[in-house]
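Protein chains in written order, with this note's numbering: chain Y, 1 to 291; chain H, 1 to 295.
Hints are not guaranteed to be accurate.
Just so you have them, the derived chain H footprint on chain Y, three or more residues with Cβ under 8 Å [said to hold, decoys possible]:
id : stretch
1  : 112-123
2  : 154-167
List of simulated lysine to any residue pairs, SDA-like, C-alpha gap at most 20 Å [to be verified]:
id : chain 1 : residue 1 : chain 2 : residue 2
3  : H       : LYS191    : Y       : LEU25
4  : H       : LYS10     : H       : ILE28
5  : H       : LYS10     : Y       : ALA179
6  : Y       : LYS190    : H       : PHE14
7  : Y       : LYS13     : H       : LYS10
8  : H       : LYS191    : H       : ALA106
9  : Y       : LYS138    : H       : LEU22
10 : Y       : LYS184    : H       : LYS112
11 : H       : LYS197    : Y       : SER177
12 : H       : LYS197    : Y       : ALA179
13 : Y       : LYS105    : H       : ILE20
14 : H       : LYS9      : Y       : LYS138
15 : H       : LYS10     : Y       : SER177
16 : H       : LYS132    : Y       : SER177
17 : Y       : LYS13     : H       : ARG287
18 : Y       : LYS167    : Y       : SER226
The hints are simulated quantities; they were obtained by calculation from the structure and are not laboratory data.
Quick reminder that beta carbons are idealized off the backbone N, C-alpha and C, glycines included.
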Amino acid sequence: MLKAGIEINKREKIIREKFFYFLLLFLTVVVVAFVLGMVIYLIIKGSGAISWEFLSQKPRSGMREGGIFPAILGTIYLIIGTLVVSLPIGILSAVYLNEYASRNKLTRIIRFSIINMSGVPSIVYGLFGLGFFVILLKFGKSILAGSLTLAFLILPVIITTTEEALKAVPGTYRYASLALGATKWQTITKVVLPQALPGIITGSVLGIGRAAGETAPIIFTVAAFSQPNLPNSIFSQVMALPYHLYVLATQLTNTPEDMQWGTALVLLMVVSLFAIAGTAIRTRFRLRRKE
Amino acid sequence: MAQLRIRLKKVKSFLIEKFIFLNGIISILILGLILAFLIANSIRFFSSYPFFEFLTGQKWSPTVLEKFGFVPLLAGSLLVTFGAIVIAMPLGIGSAIYIGELAPKAVREILKPLIEVMAIIPSVVIGFIGIKLLAPIIKNLFNLSIGLTALTGSVMLAFMSLPTIISISEDAINSVPSRYKHASIALGATKWETTYKIVVPSASSGMFAAVLLGLGRIVGETMTVLMITGNSPRIVLSWLQPVRTITATIAAEMGETVQGGLHYSSLFALGLILFLITFLINFISDRFINRIRKS
């Protein structure tokens, strides 16, 4: 009697375990299937539209024909501008946190600010860029204003990854350099930063990937609805891939489906390129370190 | 001469140190600057439009009626956000438990980068796919005249928040000391009993922080909701109707405003509210994450 009861109990338990196991498996499969489905569908629909003409031509007949070259170029300009601003500031900020800062209240506030900066919605960065760079500093809607706004947005990414890279440089390297009579600054520029370079590159590449895909911060600060002429200074407006996709998909009527999917795929390819490059550099660096 | 050189060197390193310090506190400066700017630009709105009317107003019609009622926008944001969290929580925590505890190592190594892919896709692309793929499905499924609804936004936003929720929950699961698990198994508990009676409760505050951070991402998301929630600033209490969130309102209307005008200023006021909400969310989740690190 008792034995049979235990037996049933056990079987129930096994069934219940199997049930929960498969439930969790199912949830995971849903997540993965959704992500994969989206990406694969986008690749299938978009690859038909991509041709040399599409990538190298200007838009024609109210953006319903031709290509997206000005948008690609605009995104490249924005990437360069964003890097020029955010890289030096971000690296020095990380250098301060890892090499100079002591464990005090100020450092805690800095770390808290970095976390919060990465949580500020991108549209708020857009508002700030409009109020500060475009209007107050009178940069107008321009590459300069857009790059500065995007630079602020990706600063937390660059600071955190750079700091992580600095932390991985062994303390003995610093002591050796200081013992040889080098100053702290010489130690940082000649010993610590070169050692941390792969990590810094990873951070900047990942940051750029994020900046290249952002739309909300650039709508009011740089993005032009249509600007077939190529920009001639940092005070020019440019078209950019994410905003161009937004325009094609929602602001214009009767734009060919092909062009929309093609633009979406090109944008995804640009950001994935950076993400893959960043991850590859990081993996290679980690492997080398282990050896 | 030598003394002068030493002194120069000292001055130089002093200046370098100050310069680096300035860069070190840049994040505080920027965050302060953003807040100061949002406040400065929204003063005109808060001083000339009655605050009570803003808070309880049921109409957002800035150009036609000059009415700035916050309720429809708040309702839109709440509907979309609540829907997204309800979808994202079981999916996110469920897959984090599977990936962190139950999956074989090889499967885990494939799943993790796959989920990260979702974090890479720009929000405008997710919005675009939402228009083309999800909206028609929702339209047909519920027999609607238009597929751009709060639910459409909720589904897409849920998946956008998943990389955050899954990776932080999984960190929390991994940080549960293995001696807890060993002790449980030594007492005769099965793998599953150990997972749901030992691991999940120990990791629960980390999972809470993960959901909060996912929530922060959802609340602040702009382009996706702008494109797929239908852009209608009316008070609705159904997921199957078009809505307009706080973020989408700023993005949709800023282009049409007169600089320095009441409408312009009202959008900065919305930005300020958004800033404060996400600040609060980050503040709370940061506390929970710190607690995990300490233990």
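Now the hints, each set against the structure:
Counting residues of the stretch 112-123 of chain Y whose C-beta sits closer than 8 Å to any C-beta of chain H gives 11, which meets the bar of three, so the coverage hint holds. For the stretch 154-167 of chain Y, the assignment as covered by chain H holds, since 3 residues bring a beta-carbon within under 8 Å of that chain's beta-carbons and 3 suffice. As the CA atoms of LYS191/H and LEU25/Y are separated by approximately 15 Å, the hinted pair is consistent with the 20 Å bound. Restraint check: the Cα-Cα separation between LYS10/H and ILE28/H comes to about 28 Å, which exceeds 20 Å; the hinted pair is violated.
Proximity of LYS10/H to ALA179/Y is assessed by CA-CA distance (about 18 Å); at most 20 Å being required, the pair is judged to hold. At roughly 18 Å between alpha-carbon atoms, LYS190/Y and PHE14/H fall within 20 Å of each other, so this suggested pair holds. Proposed proximity of LYS13/Y and LYS10/H is contradicted: the alpha carbons are some 73 Å apart, above 20 Å. Pair hint LYS191/H plus ALA106/H holds up; C-alpha atoms about 19 Å apart against a cutoff of 20 Å.
For the given pair, LYS138/Y sits about 25 Å from LEU22/H by alpha-carbon distance, which is inconsistent with the 20 Å threshold. Straight-line distance between C-alpha atoms of LYS184/Y and LYS112/H comes to about 40 Å, which puts the hinted pair past the 20 Å bound. Straight-line distance between C-alpha atoms of LYS197/H and SER177/Y comes to about 52 Å, which puts the hinted pair past the 20 Å bound. Pair hint LYS197/H plus ALA179/Y does not hold up; C-alpha atoms about 54 Å apart against a cutoff of 20 Å.
Between LYS105/Y and ILE20/H, the direct Cα distance comes to roughly 18 Å. Compliance with the 20 Å bound is thereby established for this hinted pair. Only pairs whose Cα atoms come within 20 Å are accepted, and LYS9/H paired with LYS138/Y is rejected, the gap being roughly 39 Å. For the hint linking LYS10/H to SER177/Y, the alpha-carbon distance of about 18 Å falls within 20 Å, and the restraint holds. The suggested pairing of LYS132/H with SER177/Y is violated, with an alpha-carbon distance near 59 Å, which exceeds 20 Å.
For the hint linking LYS13/Y to ARG287/H, the alpha-carbon distance of about 38 Å lies beyond 20 Å, and the restraint is violated. Taking the CA atoms of LYS167/Y and SER226/Y, the gap is about 46 Å. The hint is violated against a cut of 20 Å.
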